[in-house]
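Q: Residues per chain are reported as follows:
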Amino acid sequence: MTTGNEHPQARRSVVNWLLGLWGGGVLASIFYPVVRYLAPPDVPEAAALSVTAGSAQALAPNSGRVVPFGARPAIVIRTPAGELRAFSATCTHLDCTVQYRPDLQRIWCACHNGEYDLNGRNVAGPPPRPLDPYDVNVAGDEITITRRS
Amino acid sequence: MRLRAWLAERLPLDDVLATLRHKRVPHHEYSVWYYFGGTTLFLFAIQVGTGALLLLYYRPSAAEAYESVQFIVARVPFGWLVRSIHAWSANLMVASAFAHLFSVAFLHAYRRPRELTWMSGVLLLVLTLAFGFTGYLLPWNEVSFFATRVGTDIAATVPLVGHALVRFLRGGDDVTGATLTRLFGFHVAVLPAVATALVALHLLLVQRHGMSVPPSVERRAAADPGAVRSIPFLPHFLLRDLFAWTAVLAVLASLATFYPSELGAKADPFAPAPAGIRPEWYFLWAFETLKHVPPTVAGLNGEFVAVAAMGSGAVGALLLPLVAGRSPRSRAIVVWICAAALLFMGGMTMLALRTVTP
Ligand code: FES
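Each protein sequence line maps, in turn, to chains A and B.
Here my numbering is used: position 107 in the first sequence is 107, and no number is missing along the way.
Here my numbering is used: position 248 in the second sequence is 1248, and no number is missing along the way.
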């Protein structure tokens, strides 16, 4: 009984190939949507260009304040000399939020003891880059900080 | 008796019992290490139980998570105990799993034919750590919030896919409520499902191959078959196991009662990171290592070098039975490498515990 069955080997490999194709197709059609589903969609955040950062009077020399800048924190400091400066408060090392350390007269990150000077330059510890600086304006008593474009 | 007969007709009761009656466990000077696997399993069961209880009151959102944990601790009868046991049992489980892994490595129990048992075990340890990492954020307090921010940002050091990886872990660009929901999903659904399957495989393999005997004892047995004793699994070993579990339960209950797990302050994304941000103790060594690597090592991002080294360590551990040779010499190498790893992790942990952040 060999009618139409002359090449059982070849036939088998074709069938296996088709089965593989089918299996692969099914798996791909399951996993592709799942993988895409796992990656969160981009939620366009209102790119804050400038925010108000509270009273200028209340910020004493040699102190700092963390304020929301859109979805991320920013830090406003008053240097011992009385000058106002603002930076992104997200540590360039591993994303902690920095704070002002009056005793060191520096911006300090508690997570791994990173230090930035009053110009936002990374001067000690693991941070690899300076903090992004923002522009500071004072109108009346209100501080406004603006992202440099 | 009628019930027993009814069940025996429908379930393979007698077969199982006969197998267990036949099963024997080797008894020698290193037998004490056999108990750590069982202890880990016991603690896992406690985690499943207390985790299910916590789920009845916990609410996984940034607005409510902290308050719901506070409610569990302060208002729900015995809520503080359930939460403390869950937290402490997690710690003990990690410790027990590490003890199990290292003892198995030092006694060379990963050798043929137990390669897959070892590999499923390493994967289970990784899962245990993943449970710890994902569970840490759930109370949404300050320390866990920043620790998770640091922990997830480490993924950004991976070239090419780093950014996508961070977004995958955080459910967005920052650690937010989306991260909480995501890690919660992993913690209570994805990881338990995978872990249960792996535990089943691991136990099946242990049952199939029996307990491994270290090479030194094996040699002794080859010289004199009577030299290595064994005890019946039923009831001797099982009773000892139950005794160990009772002891663990007592330790757990005391820890949970006298050192109830603290909740701390609620996470505030716009507050500076407080001093003393640290991960759970079992990640401390990695945390401390990251503190000490310089920003760039040989022109590469320092964190990435450290992370790559740790990653290759994990892959090496996974593949250990496949790469380790069979000679006594290569066994000695395995012992030295494991001892060095243990020493490094222990030393870094000590260092992390000693440094008091200014
Ligand atoms: S996150 Fe700031 S020093 Fe590491």
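If you're looking for bench data, these hints aren't it; they were derived computationally from the structure.
Predicted model only: the values in this text are computed from it and were never measured.
Yeah, the Cβ is synthetic: ideal placement off N, Cα and C, and Gly gets one too.
It is possible that some hints are incorrect.
Unchecked claim - Okay, the calculated beta carbon distance ranges per label pair:
1. Ala-1197(B) - Pro-8(A): 48 to 56 Å
2. Leu-21(A) - Phe-1344(B): 46 to 54 Å
3. Ala-1099(B) - Phe-31(A): 50 to 58 Å
4. Phe-1258(B) - Ala-139(A): 50 to 58 Å
5. Leu-1342(B) - Ser-13(A): 16 to 24 Å
6. Pro-128(A) - Asp-1268(B): 23 to 31 Å
7. Ala-1298(B) - Ser-13(A): 29 to 37 Å
Q: Indicate, hint by hint, whether the structure satisfies it.
A: Right, here's what the structure says about each hint:
1. At roughly 38 Å, the beta-carbon separation of Ala-1197(B) and Pro-8(A) lies outside the given 48 to 56 Å, and the hint is violated.
2. Roughly 49 Å separates the CB atoms of Leu-21(A) and Phe-1344(B), a value that falls within the hinted 46 to 54 Å.
3. The given range of 50 to 58 Å is broken by Ala-1099(B) and Phe-31(A), whose C-beta atoms sit roughly 37 Å from each other.
4. As the Cβ distance of Phe-1258(B) to Ala-139(A) is approximately 57 Å, the hint placing it in 50 to 58 Å holds.
5. The supplied range of 16 to 24 Å is broken by Leu-1342(B) and Ser-13(A), whose beta-carbon atoms lie about 52 Å from each other.
6. The given range of 23 to 31 Å is respected by Pro-128(A) and Asp-1268(B), whose C-beta atoms sit roughly 26 Å from each other.
7. Range check, Ala-1298(B) to Ser-13(A): about 50 Å between beta-carbon atoms, so the 29 to 37 Å window is missed.
Violation of the numbered hints given earlier is confined to hints 1, 3, 5 and 7; the remaining hints are satisfied by the structure.
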